[in-house]
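Going line by line, the protein sequences match chains F and V. Residue 424 in numbering that gives the first Met the number 0 sits at position 425 of the first sequence, with consecutive numbering throughout. Residue 202 in numbering that gives the first Met the number 0 sits at position 203 of the second sequence, with consecutive numbering throughout.
Honestly, the hints are just simulated from the structure, not real lab data. Note that the structure is a prediction, hence the values are computed from the model and not measured. Check the hints yourself; a few may be wrong.
[Stated by the list, open to error] Within a straight-line C-alpha distance of at most 30 Å, the following computed DSBU-like cross-link-like pairs (lysine-lysine) qualify:
| # | chain 1 | residue 1 | chain 2 | residue 2 |
| --- | --- | --- | --- | --- |
| 1 | F | Lys526 | V | Lys209 |
| 2 | F | Lys21 | V | Lys209 |
| 3 | F | Lys520 | V | Lys50 |
| 4 | F | Lys117 | V | Lys41 |
| 5 | F | Lys520 | V | Lys41 |
| 6 | V | Lys196 | F | Lys534 |
| 7 | F | Lys261 | F | Lys251 |
| 8 | F | Lys526 | V | Lys46 |
| 9 | V | Lys188 | F | Lys534 |
| 10 | V | Lys41 | F | Lys526 |
| 11 | V | Lys209 | V | Lys161 |
| 12 | F | Lys520 | V | Lys70 |
| 13 | V | Lys46 | F | Lys4 |
| 14 | F | Lys625 | F | Lys590 |
[To be verified] Which chain V residues face chain F? A few, computed with CB under 8 Å, are given here:
| # | residue |
| --- | --- |
| 15 | Arg34 |
| 16 | Leu51 |
| 17 | Phe187 |
Cβ atoms here follow ideal geometry from the backbone N, Cα and C, with glycine treated the same way.
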Amino acid sequence: MSYLKTRILVVEDNLQDFIIFKEVLGQIRDFFIQIVHAESMEMAVEKLAEGTFDIIFLDLFLPDSFGKETFQSLRPLTVAPIVILSGLSDKNIALDIVKQGAQDYIVKGEFDANLLDKTIIYSIERKKYQETLEASERRNRTLIQSVGTAIGEYDYTELHNFLEEKRQEGVTDILKEMDLDMEKAALLRGKLKVMTLNPEALRIYGCSSYEDFEANRLKFYTSHIVDYLSQATLALWNKEKDFAYELPFQNKQGVLIHTLKKWRFLGNQDGFYRLIVSTQDVSQIKAKEEEVYLQSQAMESVAVASSLLLQDGPVEKRILRSFGMVSSAFRASKAAVYLLDILDDDFNFSLDMYWDAEEEPFPGLKNGSIAQWNLLPAVKELQTGRPSLFSKENSSYEIQKLLSFHQLEQVIAAPFVVKGVGNGVVIVGIADNLPLHNYVYSGLMTLAGNIGSAIATSNAQKELKMINEDLELRVDQRTQKMRDAMRELESFSYSVSHDLRAPLRAISGFTEVLNSEYNEKLDDEGKRYLGIIRKGASEMSQLIDDLLAFSRTGRNRLSSEKVEMDKLVNQVVNDLSAQVPDRAIDVQIGKLPSCYGDSNMIRQVVVNFIWNAIKFTSKRDSSIIKISAERKGDFIAYTVEDNGVGFNMAYVDKIFGVFQRLHSQEEFEGTGVGLAIVQRIVTRHGGIVIPFAEENKGAKFTFTLPTNPLLIPELEEIIPDNLIR
Amino acid sequence: MGYQTPTTKKTLGDPDGDYEQFLYAVSHDLQEPLRMVNSFLKLLDGKAGDKLDEDARKYLDFSIENASRMKGMIYSLVELSRINRSSETESEIDLNEVIQDLLGMFQTNIKSSNAIVNSTELPQVKMIASQAIDLFKILIQNAFDNIGPDPLELSISSKKKKNRVEITLTDNGVGIKPVYLNKVFEMFKRTDAKSQKLGAGLTIAREIIKKCEGTIWIESELGKGTSVIFTLPLV
Numbered sequence: 000m001s002y003l004k005t006r007i008l009v010v011e012d013n014l015q016d017f018i019i020f021k022e023v024l025g026q027i028r029d030f031f032i033q034i035v036h037a038e039s040m041e042m043a044v045e046k047l048a049e050g051t052f053d054i055i056f057l058d059l060f061l062p063d064s065f066g067k068e069t070f071q072s073l074r075p076l077t078v079a080p081i082v083i084l085s086g087l088s089d090k091n092i093a094l095d096i097v098k099q100g101a102q103d104y105i106v107k108g109e110f111d112a113n114l115l116d117k118t119i120i121y122s123i124e125r126k127k128y129q130e131t132l133e134a135s136e137r138r139n140r141t142l143i144q145s146v147g148t149a150i151g152e153y154d155y156t157e158l159h160n161f162l163e164e165k166r167q168e169g170v171t172d173i174l175k176e177m178d179l180d181m182e183k184a185a186l187l188r189g190k191l192k193v194m195t196l197n198p199e200a201l202r203i204y205g206c207s208s209y210e211d212f213e214a215n216r217l218k219f220y221t222s223h224i225v226d227y228l229s230q231a232t233l234a235l236w237n238k239e240k241d242f243a244y245e246l247p248f249q250n251k252q253g254v255l256i257h258t259l260k261k262w263r264f265l266g267n268q269d270g271f272y273r274l275i276v277s278t279q280d281v282s283q284i285k286a287k288e289e290e291v292y293l294q295s296q297a298m299e300s301v302a303v304a305s306s307l308l309l310q311d312g313p314v315e316k317r318i319l320r321s322f323g324m325v326s327s328a329f330r331a332s333k334a335a336v337y338l339l340d341i342l343d344d345d346f347n348f349s350l351d352m353y354w355d356a357e358e359e360p361f362p363g364l365k366n367g368s369i370a371q372w373n374l375l376p377a378v379k380e381l382q383t384g385r386p387s388l389f390s391k392e393n394s395s396y397e398i399q400k401l402l403s404f405h406q407l408e409q410v411i412a413a414p415f416v417v418k419g420v421g422n423g424v425v426i427v428g429i430a431d432n433l434p435l436h437n438y439v440y441s442g443l444m445t446l447a448g449n450i451g452s453a454i455a456t457s458n459a460q461k462e463l464k465m466i467n468e469d470l471e472l473r474v475d476q477r478t479q480k481m482r483d484a485m486r487e488l489e490s491f492s493y494s495v496s497h498d499l500r501a502p503l504r505a506i507s508g509f510t511e512v513l514n515s516e517y518n519e520k521l522d523d524e525g526k527r528y529l530g531i532i533r534k535g536a537s538e539m540s541q542l543i544d545d546l547l548a549f550s551r552t553g554r555n556r557l558s559s560e561k562v563e564m565d566k567l568v569n570q571v572v573n574d575l576s577a578q579v580p581d582r583a584i585d586v587q588i589g590k591l592p593s594c595y596g597d598s599n600m601i602r603q604v605v606v607n608f609i610w611n612a613i614k615f616t617s618k619r620d621s622s623i624i625k626i627s628a629e630r631k632g633d634f635i636a637y638t639v640e641d642n643g644v645g646f647n648m649a650y651v652d653k654i655f656g657v658f659q660r661l662h663s664q665e666e667f668e669g670t671g672v673g674l675a676i677v678q679r680i681v682t683r684h685g686g687i688v689i690p691f692a693e694e695n696k697g698a699k700f701t702f703t704l705p706t707n708p709l710l711i712p713e714l715e716e717i718i719p720d721n722l723i724r
Numbered sequence: 000m001g002y003q004t005p006t007t008k009k010t011l012g013d014p015d016g017d018y019e020q021f022l023y024a025v026s027h028d029l030q031e032p033l034r035m036v037n038s039f040l041k042l043l044d045g046k047a048g049d050k051l052d053e054d055a056r057k058y059l060d061f062s063i064e065n066a067s068r069m070k071g072m073i074y075s076l077v078e079l080s081r082i083n084r085s086s087e088t089e090s091e092i093d094l095n096e097v098i099q100d101l102l103g104m105f106q107t108n109i110k111s112s113n114a115i116v117n118s119t120e121l122p123q124v125k126m127i128a129s130q131a132i133d134l135f136k137i138l139i140q141n142a143f144d145n146i147g148p149d150p151l152e153l154s155i156s157s158k159k160k161k162n163r164v165e166i167t168l169t170d171n172g173v174g175i176k177p178v179y180l181n182k183v184f185e186m187f188k189r190t191d192a193k194s195q196k197l198g199a200g201l202t203i204a205r206e207i208i209k210k211c212e213g214t215i216w217i218e219s220e221l222g223k224g225t226s227v228i229f230t231l232p233l234v
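Construct the complete structure from the given sequences, taking the supplied hints into account.
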């Protein structure tokens, strides 16, 4: 068997890993290889579309895809065997993926030419006997549903002559001259003779034949036709060749269709004036746009509702207000929250709330509302932790009856956990039977989770004392344990970072000497190797420095003074803009009230958010950064908003993780520690950070800081401590 | 006082989550540049090693040595982070078998140093099999690493206490200075700065025992020997 011209696709975002891989591969003399490199999922997909490969080496962590997902999305696109390129710490994931159909995995930095050679040959062999089967499966999968384009051919000689006559008469404003209304538009339409219509065009109009179309033509016109034909005439009058218009119309069956009409005037051809009109059905695109808009609205309202939940005041009121905030996004007309007693398997409801769009803003706590809102059977079905839908179609007779009673068509129920207390469920009732998009479910899950946290941290705990006499004691112990663990973690991370620095210093130091004193003894390749080594070492020391900074954030004692935010922000903006003199950044600063806290740490927060905004707008022609503030109870909510690359909200829980980066190092520099530090600082001041972003549109971070030093949780501990000293 | 067994749900500001995250960050994010440094140091060594003079060679060797030391440290951190992420389930472990297997592994060390290892009958405990092996391997290795002037005598004994067992490993090694007693469980802390050891073993041992909700401590007298005492859950 010959393996001549083995084509290998290497999907690896790290250029240096790729170079090593290529070096090692170069040592396999036995066969001639062609290596294609892809740095991202997107590129890999492109390369796979361009040609076939005999084998694929796949790194699981790419800038645009993580973990198992990477494999799962690449798998359907190729029949070639996939070998996972794994890091030491992903070994478990790699093993898992081998179970899911990857041929093998190799650990980066731990393979040699021999192993690689064997891996390639065995993987290709193993894969071969499945190939026929998989190829046919793949053909089925990639059947592409094409968006059809309808084409019509018209003779506009009459219209052309009519306009030329008017021009001869000296008419200057053709629209005023014609003064179209529905009736005149229909006549004008008559001046366009249909030559041919393709089947797709007939399909869009809902007609079976050309005759059918002619007979029903007048039915298709809506009031849009006047503007449509006016603009088309004007285009012809102005001697333009092309004309495009988004026209909604009703087809023969009365269905509203959004179309994109494109006219092309071809002039006099074969004895008549020829016009080609293409009609594209954009209803689906319109619907998608609508959905995306609704989704962003919904996510924003969930973010606002969540911040409401975290404010002060009675928890019942906060929850009801949060419902008011999301009701339109979820199309909710009723909502309720039930808390389930953890000690009682029989779902004993100990706290319930009721919200109704019909009633005055905050109807407050309704005792006994469970009787009214008796969705007990629905709640009992909640075992899975995900929201469930109960509609008239899919539910038992009992629930159908309840839905009718409450004038609802469907109900979503989302469970939540109240830390250390038990479980609860949020029920949202919807009066229409339109389909619910995914964002309703995910938004509701987020909201339910936040309601759980709000209850957990609220005075409601006192009410719940009856459920569990020693709850408070447990909470205290838990808090104490948390504090201890936090302290231990901080000293652990501090000392580990510190210890890792020793060997790193040695590497940096020695290679520095090699570089400065022995540089001329190395050939170009040697110099390049040394360069990569030194870059790696400095990357590591940056990571470790950031890690030390992160652990220090938790270690330093907080001070508390008045922070004049407007001064601070202006100063930071000036400092940071000076660092990017060749960029034009439009910074809009609103009125920023003062707050209390540790001015050095708060400065760090401000620097971080503004620098991020500057960094992530660097690919924009014009960067816009807006900084504003709003008073929220005893806190000030400051917001930094940019028009940068944003990020996908699906990864929002990752952004605060130490070293988590949503963008690659090459795209935007940074180690990813920044937001973890910011989060830690704001939390220590008793505030919260609310992230919101849209991919490729921008990011918005709101953080709250107290207006009164007594609101800083730690100061309670610190004050008595100081007195003792 | 210590980290709680991590729950499956990680929330922000949750120390367990941060702890795991820290370990992950160190082990994953540092690993990449380190792998680079390591691989290219080796390539440089192969390519230019013989063109360099003695001093430069020494610098390159030091760099390689330190890079592999760092690799070892990071590997230990990965090991540490695996303890709580392990997907294996606990089973009934016969500690006598574990000790027998390990003594087989240490046979060369035992013979070459004339060591004596005595183990009394040990009970069955409930823990993850691979972690039981790791735990005893670390502790036995520690005894061999700290042999005093006399050949090693290591005894392993146990005492039942309610539903737990207290296990003691006592050696006649160099012992630990009292000031270090609190430090030995800390990651990368070595009692002897010149030692080639990473100082991760006891941290990993403690983490394994914590996962079993047990405790571990050390009693030692300088120049006389050391006892490591820990509790494990009985079957």
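Check: Which of the numbered hints are not met once you compare them with the structure shown?
Finding: The structure breaks hints 1 and 2; every other hint is satisfied.
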